[in-house]
Amino acid sequence: MTDGASQGLFVIVAVVIFGIFVLIAYILFRDTLQPKLADIFKNATDTAEASLNYTPAPQ
Numbered sequence: 001m002t003d004g005a006s007q008g009l010f011v012i013v014a015v016v017i018f019g020i021f022v023l024i025a026y027i028l029f030r031d032t033l034q035p036k037l038a039d040i041f042k043n044a045t046d047t048a049e050a051s052l053n054y055t056p057a058p059q
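If you use our numbering, the sequence shown corresponds to residues 1 to 59, in order.
The hints are simulated quantities; they were obtained by calculation from the structure and are not laboratory data.
Heads up, some of the hints might be wrong.
To be verified - The following label-pair restraints were derived from C-beta to C-beta distances:
no. : residue 1 : residue 2 : range
1   : F41       : F18       : 20 to 28 Å
2   : N43       : S6        : 42 to 50 Å
3   : K42       : F21       : 33 to 41 Å
4   : G4        : T45       : 41 to 49 Å
5   : R30       : G8        : 30 to 38 Å
6   : E49       : V16       : 33 to 41 Å
7   : Q7        : A44       : 32 to 40 Å
8   : A48       : G8        : 37 to 45 Å
9   : L9        : N53       : 46 to 54 Å
Every residue, glycine too, gets a C-beta built ideally from N, C-alpha and C.
Generate the whole structure from the sequences, applying the supplied hints.
Right, dumping it as structure tokens:
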């Protein structure tokens, strides 16, 4: 196997192992994560909306 092929195989195996890890973590902590992620998303959208609607005070 050439160096490029073994590097590609390594990347594929690493992505699959990382994907399995993320899937297991999501299954284990799904109930805990959903409210926290929703709060983070709501806070981010509120902040973005506030910065988009920003109008400086008249001088």
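So the hint says 20 to 28 Å: do the beta-carbon atoms of F41 and F18 match that? 23 Å, holds
Q7 versus A44 beta-carbon gap, inside 32 to 40 Å or not: 37 Å, holds
Does the beta carbon distance between G4 and T45 stay inside 41 to 49 Å, or does it fall outside? Holds, since G4 and T45 (Cβ atoms, about 43 Å apart) stay within the stated range.
Cβ separation of A48 and G8, checked against the hinted range 37 to 45 Å: 39 Å, holds
Range first: 42 to 50 Å. Now tell me if the beta carbons of N43 and S6 are that far apart. Taking Cβ atoms as reference, N43 and S6 lie about 44 Å apart, which means the hint holds.
Mind checking the hinted window 33 to 41 Å against the Cβ distance between E49 and V16? Check passed, 39 Å falls within 33 to 41 Å.
Assessment of proposed distance window 33 to 41 Å (beta carbons of K42, F21): Check failed, 27 Å falls outside 33 to 41 Å.
Are L9 and N53 spaced within 46 to 54 Å by their CB atoms? 51 Å, holds
Does the Cβ-Cβ separation between R30 and G8 fall within 30 to 38 Å? 33 Å, holds
The structure fails to meet hint 3 from the earlier list, while all remaining hints are met.
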